[in-house]
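As they're listed, the protein sequences go chains F and C. Under my numbering, think of the first position of the first sequence as 406, with each following residue one higher. Under my numbering, think of the first position of the second sequence as 406, with each following residue one higher.
The hints are simulated quantities; they were obtained by calculation from the structure and are not laboratory data. There may be inaccurate statements among the hints.
Since copy identity is lost for identical chains, a pair holds within one copy or between any two.
To be verified - Dumping the calculated EDC-like pairs for lysine to aspartate or glutamate here, alpha-carbon to alpha-carbon at most 16 Å:
(1) K484 x E448
(2) K472 x E525
(3) K605 x D522
(4) K416 x E601
(5) K605 x D436
(6) K594 x D493
(7) K547 x E578
(8) K547 x D461
(9) K551 x E481
(10) K608 x D437
(11) K605 x D581
(12) K605 x D585
(13) K550 x E525
(14) K528 x D437
(15) K484 x E519
(16) K550 x E578
(17) K547 x D577
(18) K547 x D581
(19) K605 x D577
(20) K605 x E573
There are 2 protein chains.
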Amino acid sequence: MCNHSVSALNKVVRGSKRATYEKDTVYQILDDTFMCNIGYVWENNAIVIPTAYGRDKDIIYIHGSLKNRMMRGILETGKVCLSITHLDGLVLARSAFHHSANYRSVNVFGSVREVQDADEKMKALECIMNHMVAGHWESVRKPNKKEFDATLVIAVTIDTASAKIRAEGVIDEKSDMNSDYWAGVVPIKQVAGRPESDEKLAKGIVIPDSVLTYVANNR
Amino acid sequence: MCNHSVSALNKVVRGSKRATYEKDTVYQILDDTFMCNIGYVWENNAIVIPTAYGRDKDIIYIHGSLKNRMMRGILETGKVCLSITHLDGLVLARSAFHHSANYRSVNVFGSVREVQDADEKMKALECIMNHMVAGHWESVRKPNKKEFDATLVIAVTIDTASAKIRAEGVIDEKSDMNSDYWAGVVPIKQVAGRPESDEKLAKGIVIPDSVLTYVANNR
Numbered sequence: 406m407c408n409h410s411v412s413a414l415n416k417v418v419r420g421s422k423r424a425t426y427e428k429d430t431v432y433q434i435l436d437d438t439f440m441c442n443i444g445y446v447w448e449n450n451a452i453v454i455p456t457a458y459g460r461d462k463d464i465i466y467i468h469g470s471l472k473n474r475m476m477r478g479i480l481e482t483g484k485v486c487l488s489i490t491h492l493d494g495l496v497l498a499r500s501a502f503h504h505s506a507n508y509r510s511v512n513v514f515g516s517v518r519e520v521q522d523a524d525e526k527m528k529a530l531e532c533i534m535n536h537m538v539a540g541h542w543e544s545v546r547k548p549n550k551k552e553f554d555a556t557l558v559i560a561v562t563i564d565t566a567s568a569k570i571r572a573e574g575v576i577d578e579k580s581d582m583n584s585d586y587w588a589g590v591v592p593i594k595q596v597a598g599r600p601e602s603d604e605k606l607a608k609g610i611v612i613p614d615s616v617l618t619y620v621a622n623n624r
Numbered sequence: 406m407c408n409h410s411v412s413a414l415n416k417v418v419r420g421s422k423r424a425t426y427e428k429d430t431v432y433q434i435l436d437d438t439f440m441c442n443i444g445y446v447w448e449n450n451a452i453v454i455p456t457a458y459g460r461d462k463d464i465i466y467i468h469g470s471l472k473n474r475m476m477r478g479i480l481e482t483g484k485v486c487l488s489i490t491h492l493d494g495l496v497l498a499r500s501a502f503h504h505s506a507n508y509r510s511v512n513v514f515g516s517v518r519e520v521q522d523a524d525e526k527m528k529a530l531e532c533i534m535n536h537m538v539a540g541h542w543e544s545v546r547k548p549n550k551k552e553f554d555a556t557l558v559i560a561v562t563i564d565t566a567s568a569k570i571r572a573e574g575v576i577d578e579k580s581d582m583n584s585d586y587w588a589g590v591v592p593i594k595q596v597a598g599r600p601e602s603d604e605k606l607a608k609g610i611v612i613p614d615s616v617l618t619y620v621a622n623n624r
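Please model the complete structure; the sequences and the hints are all you need to start from.
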């Protein structure tokens, strides 16, 4: 079992029994979605911006416009916090106090560098797309020089991270167990609907397997 | 039409035609979910933490343990950034470059104060719960003194905010329109499953209407 290092920055203090620093768990939570929230400091303000990402081992890739303030901002400070949360359920207790949620969340604290090597940059773009829809890179027109040059790619090396998971039923006070209040869990998940093909599609073009598989795996 | 003020902090520069500062739009996006990402500055690091919230006019309430680092941190700095994102679809273009997502997102920049007035505090707890499941406050045991005192409630007054919305189909280069690549949108949504009643429920207790309505509205 391989763990991320623990410091005051990433140590989970509240609800610490739900915390883990195990790399495989952190990676699995990161791989189960493709949207993260980036936190960065701008003129003493914390700003949070959602963005897509891909992961390759301990590197997370994000991309954006050359002039994107968030992207420029994290390059300037050299560091970033990424937050990912899967909401898995509402935990509705008998008591207001014990209401909770089932979730899997990760906080990543990382170092930031611009990806300038053309090979790594193209691989990073492939990584981000395939992280969203596995294998879809093979079904699209690749970036031409103008598009490639207009895209800023940033590599975030995971310096440390923590995960927090709640995956259980209601926990109520013993004294409430025989009360008349209902308690239970409402499962929550994110699902994909039927793909809506572009109306202007050339004739005879079918939905690629990558998309069909994505939808089948997210019903 | 009533707008939030626009400054360098909240002005959307990239993709500005998708931006709005209209209060009704911002409020609607805030009211369509109950989990936000809180950004705050801790020892020069931006940290992002997911948490539940409720909204009452231009105030957002959050709650947590008295010792919660995020809660203590934002009280110390006096300000906070809240980010909310609904992912509505994957926009899969013919070209890698024009891939995008449909989404509704809001960034709130607010001032922070601890809610100390007991009446406001109890109303804030009701607001947070009813924001998650409308009307559910009437179906739970209310906090007793010990629980009430152990809960820290923070009011975030919305100083300014911005929303960004993408809700359209694929936009590709004209030169790609007759290519052999597929393009389309995969709708994404968050859904609720069938409520799972606690096994230890006292006999004869039925699922409250608030929960049934929530599930019916989130299928």
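Status of each hint after checking the structure:
1. For a Cα distance limit of 16 Å, the shortest separation of K484 from E448 qualifies both inside one copy, at 15 Å, and across copies, at 13 Å.
2. Taking the shortest alpha-carbon separations for K472 and E525, neither the intra-copy value of 21 Å nor the inter-copy value of 43 Å comes in at or below 16 Å.
3. For the identical chains of this complex, K605 and D522 are neighbours neither inside a copy (36 Å) nor across copies (59 Å), given an alpha-carbon limit of 16 Å.
4. For the identical chains of this complex, K416 and E601 are neighbours neither inside a copy (44 Å) nor across copies (33 Å), given an alpha-carbon limit of 16 Å.
5. Within a single copy, K605 and D436 get their C-alpha atoms no closer than 33 Å, and across copies no closer than 35 Å, so neither meets the 16 Å cut-off.
6. Taking CA atoms no more than 16 Å apart as the test, K594 paired with D493 passes in both settings, with 6 Å inside one copy and 13 Å between copies.
7. Taking the closest pair of Cα atoms, K547 and E578 come within 16 Å of each other only across two copies (13 Å); inside a single copy the shortest separation is 57 Å, beyond that limit.
8. For a Cα distance limit of 16 Å, the shortest separation of K547 from D461 qualifies neither inside one copy, at 20 Å, nor across copies, at 47 Å.
9. Taking the closest pair of Cα atoms, K551 and E481 never come within 16 Å of each other, the shortest separation being 25 Å inside a single copy and 46 Å across copies.
10. For the identical chains of this complex, K608 and D437 are neighbours neither inside a copy (34 Å) nor across copies (38 Å), given an alpha-carbon limit of 16 Å.
11. With identical chains, the CA atoms of K605 and D581 are at most 16 Å apart between copies only, with a shortest distance of 11 Å across copies and 60 Å within one.
12. Proximity of K605 to D585 under the C-alpha cut-off of 16 Å is restricted to the inter-copy arrangement: shortest distance 12 Å between copies versus 58 Å within a copy.
13. For the homomeric pair K550 and E525, the shortest alpha-carbon distance inside one copy (15 Å) is at most 16 Å, but the shortest distance between copies (58 Å) is not.
14. In this assembly of identical chains, the alpha carbons of K528 and D437 never lie at most 16 Å apart, being 20 Å within a copy and 36 Å across copies at closest.
15. In this assembly of identical chains, the alpha carbons of K484 and E519 lie at most 16 Å apart only when taken from the same copy (12 Å versus 30 Å across copies).
16. In this homomeric assembly, K550 and E578 come within 16 Å of each other (Cα to Cα) only across copies, at 14 Å, whereas the closest approach inside a single copy is 63 Å.
17. Taking the shortest alpha-carbon separations for K547 and D577, only the inter-copy value of 13 Å comes in at or below 16 Å, while the best intra-copy value is 54 Å.
18. Only between protomers do K547 and D581 lie at most 16 Å apart by alpha-carbon distance; the minimum there is 11 Å, versus 60 Å within a single protomer.
19. Taking the closest pair of Cα atoms, K605 and D577 come within 16 Å of each other only across two copies (10 Å); inside a single copy the shortest separation is 56 Å, beyond that limit.
20. Within a single copy, K605 and E573 get their C-alpha atoms only as close as 47 Å, which misses the 16 Å cut-off; across copies the closest is 14 Å, which meets it.
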